[in-house]
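**Student:** Assemble chain B onto chain A, guided by the hints.
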Amino acid sequence: MKPGTMGFIPRTRAAMEAADLGLSLLQAHWRPVARVWGLQLGFLLALLLPFLHQTPLWVLAVLWWLKPWLDRGVLFVLSRAVFGQPASVWDFLGEWRSVHRRGLVAGLLWRRLSPMRSYVLPVSQLEGLRGAGYRRRARVLTRKGGGTGFLLTCSGWAFTLLTAVGFIALVQAMMPAGSRVQVWDGFNNPGPGFQWFLLGVGLLALTLTEPLFVAGGFGLYLNRRTHLEGWDLELAFRRLAARLALVLLLAWAMPLRLAAQAPVQEPTAQVPAPEASDDAPQPTPQTGPQPGPQPEPQPAPRPADGPLRPDEEARQRAQRILEQDPAFKHTKEVRTLSYEPTGREPRWLRSLLDYLFAKEEPAQPSKPQNLDFLKRMWDLLALVGKVVVVGGLLAFVLWLVYRFRHRLGLPLVEAKAWEAPEAVAGLDIRPESLPPDVPEAARNLFLRGEARAALALLYRGALAELVHRRAMEIPASATEGDCLRAAEGHLEEGPAGAFHLLTGTWQRLAYKNEAPTRDAFEALCDAWPAAFGGRP
Amino acid sequence: MQPVDTVRTIETPEGIELHLRPAGPVARFWAFFVDQAVVWMGLMFAGIALAFLGPLGLGLWFILVFLAQWLYPVFFEVLGGGRTLGKRWLNLRVLRSDGRPIGWGPSLIRNLLRVVDGLPGAYTVGLVSILLTRDFQRIGDIVAGTLVVHEEAGVQAPHLPAAEPLAPTRALTLEEQSAILAFAERSPGLTVARSEELADVLGPLTGSRGAGGVKAVLGMARYLWGGR
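Going down the list, the protein sequences come from chains A and B.
Once you know that position 339 of the first sequence is 339 in the numbering used here, the rest is easy, because the numbers rise by one and skip nothing.
Just so we're on the same page, the numbering used here is the position in the second sequence counted from 1, plus 536.
Treat the hints loosely; a few may be bogus.
For the chain B half of the interface with chain A, some residues (derived, Cβ under 7 Å), not all of them [to be verified]:
#, residue
1, 541
2, 584
3, 737
Only pairs whose alpha carbons sit at most 20 Å apart, straight line, appear in this in silico DMTMM-like list of lysine to aspartate or glutamate [claimed, not checked]:
#, chain 1, residue 1, chain 2, residue 2
4, A, 512, A, 450
5, B, 751, A, 229
6, A, 144, B, 721
7, A, 144, B, 687
8, B, 751, B, 721
9, A, 144, A, 229
10, B, 751, B, 732
11, A, 144, B, 688
For the record, the hints were derived by calculation from the structure and aren't laboratory data.
As the structure is a computational prediction, the values presented were derived from the model and not from experiment.
Built from N, CA and C at the ideal position, the CB exists for glycine as well.
Bound-form chain A, shown alone:
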């Protein structure tokens, strides 16, 4: 690849910024992406609708699962754009085989739910790797930026869902005043019409957000390769080399010897000029809704004269005044659209109007907002508070009891049964790994010149005896010194001395490469059966 022909400027970017690079690429090349996307989507719909036209939601589900196939079209166009080649629908069809050859089946089956799908898609589609090679490459790439790849996938879901919700809300908001169509109610009882509507909304949301997700992943991929392979460095170095070549050419061509220090040409980075918009219009912020002029009824009877009436009577009287006195009369005029059939409109219009303004139920004045749910929510919050406070106290008391359980004389929890490790300090200490006669086998090894193996055999034989017959508890990570200290409580005086000697000899050989003399080795072998030969 020639850096000069690249469709983007390589830099070492942070991962989130790299995802934005993908979006910038998409913005620059959205036309060919849209064409290829439309072709793929049309193809899929033509394939699916004859079979699934009774259940449009299944069409949506299948399309959603087949997204990795749609992604390949987007990535194809963007990758061509990055390497400086335009991509038309015909190019896509012409490259059909190479686009789909590698990893499509895996992408549609076991890699479908991969959390970094768009980040590693180029590995199979553009680099053509599969199997172990794919996994190795994907691991190298996702070592950096993998977290962002995951966040990108999550935000992809969120954007698709939110956009779909937004479109449904938009349709609801566009219903004419007076219409009683409740779009959201469709979820309770999705009829075929609503299912088609959902299919449309889903396609729209996917079309808007899926290319964004693929482009973000591609941006991450490009940036990671820039980091790993120094694409930005190559670009800078090539510019430098080209400038030097020019300098040398001039120096050679001119009779005068030019001072090499003079930079001949400043390579200018191609950065688009920003639009200067320092004086943005500053409209005054909207003020909140004005409180309407609501007459506050004041029906309280004056309690000064006479004895106080009983409450009930007072309330009834107030109610009467409120209802009868014109001063407290409250009328509200509500105008809504309605529809009277004239018999002359075409049938489709008639059915649409019937749908929008269902005639059966007369328009009711809107009920005052029911705030009961807030009260319930509030009670719930108070309950949560109580539970948190009481639960926290309870947990604290339990923790106190646990923390000071030895002072309270509670039985301590028994430690889990100890299991002997298979190897200590890298030496296999399973009894079945030892020969029947350890000293004899060791002597043979020593005579063959394998002093290290011979001593190792003696040493691990001793350890096996200690661990398996004398119940010495040591972890697999214990060093020779640890073993020596641990052995003190498990051996009588004679064997303890032998173990001390054996350990010292082994350490000198293992770490200082200092082999024992023949006599010293024989002495060890002779002492071994008495000290550690518990095994018959």
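**Tutor:** Just chain B now, kept in the frame of chain A:
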């Protein structure tokens, strides 16, 4: 077609170039998510405390909800150097589109206009606006003249691999010098073959190829960094 870049260069009247890197929808979504999580966690704790006051507490809590939703971002943006907690987490910052720090006016406008960006219910207008503008601005940003940008990483002294300092045979521009320094700093992360390939490009400067070329470029980096 111009190559695509994420950096916008702005020149101040003093002739200084500022490099701004507008932040796209993914980073901003997560910043918003973190902010909302923080705000609602705080509101929940406040609600638990206020629940003991009964209906009065409910009223106070609603006032708190109003203030938190409308003024939390404004306060944090203006007093926190353009960064709410979520933006801090995601390394974002709000600036005026000419690179100056944001003030009360633009911050108030951009946050009040969330009403518009939030239409028709799930920030669809905001998302579409970000996708359609080159600098990823939602309507509130366009009206207030602001930008959300990625923070620049702090500059640190480079760790250069040990090499014998070597004076370049030609005078180099600032850009070329920094490219050589960047090569030296990143060479431990490059494969040997790729390092040599890159150094070979500089053959006219170093006069050698392969491992010798790499050594020469590393030496020049040492020299440029001040090793003599």
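**Student:** Does each hint hold? Answer for all of them.
**Tutor:** Okay, the hints, checked on the actual structure:
no., hint, verdict
1, 541, "holds, 4 Å"
2, 584, "holds, 4 Å"
3, 737, "holds, 4 Å"
4, A/512 to A/450, "holds, 16 Å"
5, B/751 to A/229, "holds, 18 Å"
6, A/144 to B/721, "holds, 18 Å"
7, A/144 to B/687, "holds, 19 Å"
8, B/751 to B/721, "holds, 13 Å"
9, A/144 to A/229, "holds, 14 Å"
10, B/751 to B/732, "holds, 9 Å"
11, A/144 to B/688, "holds, 18 Å"
Of the numbered hints listed earlier, not one is contradicted by the structure.
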